[in-house]
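Visitor: Listed here are the chains, written in short residue letters.
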Amino acid sequence: MAANLGIKEHSHGAGELPVSRLDVHGSFDVDDFPVPNGREEEWRFTPLRRLRGLHDGRDIKDGKVSVDVTAPEGVTHETAPSGDPRLGTSFLPTDRVSALAFRDFGSFGEATVVTVAPDAKPADPVFIKITGHEHGDAYGHVLVRAGRHSEATVVLEYAGDAVYADNVEFIVEDGARLTVISLQDWDRDAVHVGHQYTKVGRDAKFKSFVVTLGGDLVRLSPKVGYTGTGGDAELHGLYFSGEGQHHEHRSLIDHNVSHTRSRVEYKGALSGEGAHAVWIGDVIIGEGTEGTDSYEHNRNLALTDGTRVDSVPNLEIFTGEVEGAGHASASGRLDDIHLFYLRSRGIPEDEARRLVIRGYFAELINRIEVPELRDRIMAEVEEKLAEHE
Amino acid sequence: MTKFEIRGVRADVLIGAEEREEILKGVDLTINSGETHAIMGPNGSGKSTLAYAIAGHPKYEITAGEVLLDGENVLEMSVDERARAGLFLAMQYPVEVPGVSMSNFLRSSVTAIRGEAPKLRQFSKELQGHMKDLSIDGSFAARGVNEGFSGGEKKRHEILQLELLKPKIAVLDETDSGLDVDALKVVSEGINRAKATHEMGVMLITHYTRILNYVKPDHVHVFANGRIAESGGPELADALENEGYERFVKAGASQ
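These protein sequence lines are chains A and B, in that order.
Sequential numbering of the first sequence, starting at 1, is according to the numbering used here.
Sequential numbering of the second sequence, starting at 1, is according to the numbering used here.
One thing to keep in mind: the hints can contain errors.
[Unchecked claim] Below, a list of computed lysine to aspartate or glutamate pairs in the EDC-like style, where the Cα atoms sit at most 16 angstroms apart:
1. B/Lys195 to B/Asp218
2. B/Lys59 to B/Glu18
3. B/Lys59 to A/Asp335
4. B/Lys59 to A/Asp336
[Claimed, not checked] The following label-pair restraints were derived from C-beta to C-beta distances:
5. B/Glu126 to A/Gly320: 50 to 60 angstroms
6. B/Leu68 to A/Asp187: 53 to 63 angstroms
7. A/Gly244 to B/Glu189: 54 to 64 angstroms
Note that these hints are calculated values from the structure, not bench results.
The beta-carbon is built from N, C-alpha and C at its ideal position, and this holds for glycine as well.
Pulled out of the complex, with its shape left as it was, chain A reads as follows:
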């Protein structure tokens, strides 16, 4: 368990200082972030060697990554060059990779800008497919803006092979509802360091499903802040880390505004030698805010020996006016009692195990409201399960 678990003391006085340690770093200037050496709190779980240079930014040049967008009526999509004033308004990069990707994505092409018109309620999801075409290095940028009172679903899919770093901005304007399904379905050798920065407006609702199955190393940092009261963010995550895969998810919810709600539930399974999953769940409840309702939960299921989980919830509270704040983390094997119940109905042990394991995944997958995606994700989970059953 991390040393910084629990409630932090708050240093008063220095007006210039950010309130929270978790939110200290934020800058577009790459030089504000020293090259990580692996001992920093935010890098200590990541095997830097396997980032293939993404963390220092040297020689990022020869990758080819394409972006294909399919948008229904009510949604426009276009590209925008680096420097376009619409880009980078909703966030400050929080680490070196994010700052590098924002500074240099222009060398690899233009940013993708998707806009859901105000009040639009497109019947079909927007599909943004990001495909790496060879094992080279590249940066990217995506901006999704959901207009006032719109209601839309965006499917962000990563596939193919690349060493890739990107920033994705989700701006959910007042009263809008945006559901994002981010599917990291990379080929086995791919490396991906991604940041997803979300701003949730007044009475707006953001729902995210992060599903990470592929890659050699995937490190995703979804960050949520609020721009108005009544904002609601639900972050659901599912990862299945196979032999030798490193899957790292680092969520940060910054309750910087009163009367906001968040739920973070990430669950994962690990199977095979060297499978490594990291979950860092940071929640800040800001000074002077009231009525925050927050809960985060991480569960991990080890299906074989030789796997490793690091699960670290961090909760920093700077106000006494909290409605609810909590976290839970549990890692372990299959539940004996689940198996007992199924077996007491005659179901043989092997099959009971299969049912319980599939149920573990299905519980989250069933919440995804895009049927074809549900089936596809379940099929891929099946494929991975088959490797060790």
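Since the structure of chain A is already known, use the hints to place chain B on it.
Guide: Frame of chain A; chain B shown alone:
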């Protein structure tokens, strides 16, 4: 004709890696098909432990004695083999298994017990019939096993499984607890239907005599301090209703 014999069974509850405690201290009981045996007793007397130990719950270990189903040694069977041999345990607290749909679970279970997969249409009709009998809404089939069910819903689902699986011996562990009168009637009717449609021996574990107004026992046993303290006919239940368990609790304490 089935004969279910419990002979000199002693069992421990496993509390921790090193810690265990003996709960059953020599239980003898024989149940023939067609018979209903009520096991009554105060809280903590070991009634539920008897049920779980027979079913093979991982938290309990039988340390002595034997359990025979038509002469076959049940204790040598795995949990699922016991069920396939014809034992059924309706649990006091049925387990929630997230993400596994009730319909998928029931089909797997019926397939395992019957030895072949039922025809889909036939099975669906059979299931719907039983659900209607037990006033279970059709939408439950799509939900996770016991997931978010109320206490009463879970109990009705246990009886649904009893009716589907048609065991030789049914152990019903406090199926009546936490039920209102209407739900108790629905559940009791289910038990009586199962008794009528196939030859079944019933071990009905209960704290209260209330359910015995609906499910008539042939034999009543008082369970106290990990063993059967007294056996009799239905009239014993009436005596318990009037006198309570005090006599048995005291007798145990003085031993």
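Visitor: Next, verify each hint and record whether it holds.
Guide: Hint check results:
1. Restraint check for B/Lys195 and B/Asp218: satisfied, since their Cα atoms lie roughly 13 angstroms apart, inside the 16 angstroms limit.
2. Among the hinted pairs, B/Lys59 with B/Glu18 is consistent with the structure: their alpha-carbon atoms are about 13 angstroms apart, no more than 16 angstroms.
3. Proximity of B/Lys59 to A/Asp335 is assessed by CA-CA distance (about 12 angstroms); at most 16 angstroms being required, the pair is judged to hold.
4. Under the criterion of a C-alpha separation no larger than 16 angstroms, the hint pairing B/Lys59 with A/Asp336 is consistent with the structure, at around 9 angstroms.
5. Against the hinted window of 50 to 60 angstroms, the Cβ-Cβ separation of B/Glu126 and A/Gly320 comes to about 58 angstroms, which satisfies the hint.
6. Against the hinted window of 53 to 63 angstroms, the Cβ-Cβ separation of B/Leu68 and A/Asp187 comes to about 58 angstroms, which satisfies the hint.
7. Distance hint for A/Gly244 and B/Glu189: a CB-CB separation of about 57 angstroms, consistent with the stated range 54 to 64 angstroms.
In this structure, none of the earlier numbered hints is contradicted; all agree with it.
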